[in-house]
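Going letter by letter, the sequence shown gives residues 45 to 347 in this note's numbering.
Estimated spans, in silico, between C-beta atoms of each pair:
hint	residue 1	residue 2	range
1	297	172	41 to 47 Å
2	195	278	31 to 37 Å
3	302	96	40 to 46 Å
4	294	79	41 to 47 Å
Pairs of lysine to aspartate or glutamate residues, derived as EDC-like cross-links and limited to a Cα-Cα distance of at most 16 Å, are as follows:
hint	residue 1	residue 2
5	233	264
6	345	312
7	233	279
8	197	342
9	197	185
10	233	282
11	147	194
12	178	219
13	289	308
14	109	75
15	147	346
16	233	269
17	275	262
18	275	264
19	289	312
20	233	262
21	345	146
22	197	346
23	178	97
24	197	219
25	299	330
26	156	97
27	147	108
28	260	282
29	178	94
30	109	78
31	197	243
32	289	241
33	197	146
34	345	194
35	147	342
36	109	194
37	275	254
38	299	332
For the record, the hints were derived by calculation from the structure and aren't laboratory data.
All C-beta atoms, glycine included, are put in the ideal place defined by N, C-alpha and C.
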Amino acid sequence: MIHNTFFIFLTLSLISFACASNEQISQSINENCDSGSLLSNNSLYTISVDGVDRNFMMSVPASEKGTLLPILMAFHGGGDVKNFYYPPFPQSQQFLELAQSEKFILVYPFSKLLEPNEGAWQLNTTDETQQDIKFIQAIIENISSSNCVDQNKIYATGYSLGSMFTYELACQINDTFAAIASFAGTMPKNPNSCVLENEIPIMHIHGTDDFIISYKNEWDWKNWDSVGTMKNIPDLIDYWSTKNKCLAYEEITGKFSTHFIYSDCNSDVKVEHYKLSRQGHGWPEEIEGTSTHQVIWDFLKEF
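Just need the whole structure built from these sequences, with the hints factored in.
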């Protein structure tokens, strides 16, 4: 289904963003809540970040005056996106319908070929390689300046390399996101930095037969030396359950999956993992009879 797409070109100064006071931001948010929002589907926006034009697609549900809207940011897989007419994410129509019924803002940021990355989201970043993180911060500030946003309910999901980038966000700006849930990614075995300002709920979904991003084996990242060796999935889950200081563990065996739940964590967060039997790298349409997009949202909205 093709939705009408219009282009709104915006220029955003990150200097102004960085210098904006909490009082100014709070005042802007309060003013935006004085009226309801109008339905807007898959509208394309351009913002300038460090002098580079970056694009994102956004859908806003119709809402009544004073309705605080969560944000769900969905990060696509590898590759420099050039087609800005369709959301570059699996189950995009289902996510759109869910955003309208559950009343949240749906955002698809677009990657851009920036050195030293290999065509999409930057991983294992340093202060010199955080253009993508600045981009995400700029999007959130931009959306918050014109919508009634619930700043305590900003979420991230991702597929493949987009999943890997959600873990970069969890490490670098975890105080921004309430929770993340993603499919078919991982993170560096030795991240440059991953200091949690707050514990963060994590859900990871992965297929045992994924030969692109291995479930059980570590692997070295292509030619991007700064990223290094990537964790296997059991180590990824152990990393975040330890990071969140989870004390309780439960394992639920289904017909096609095993669901691992780590609870009794600091700050009442949880770490969950769906291990999908015989599932490859392709996005699964459902997990044990429930649509994958719904499984993801049901986890995120708990936090």
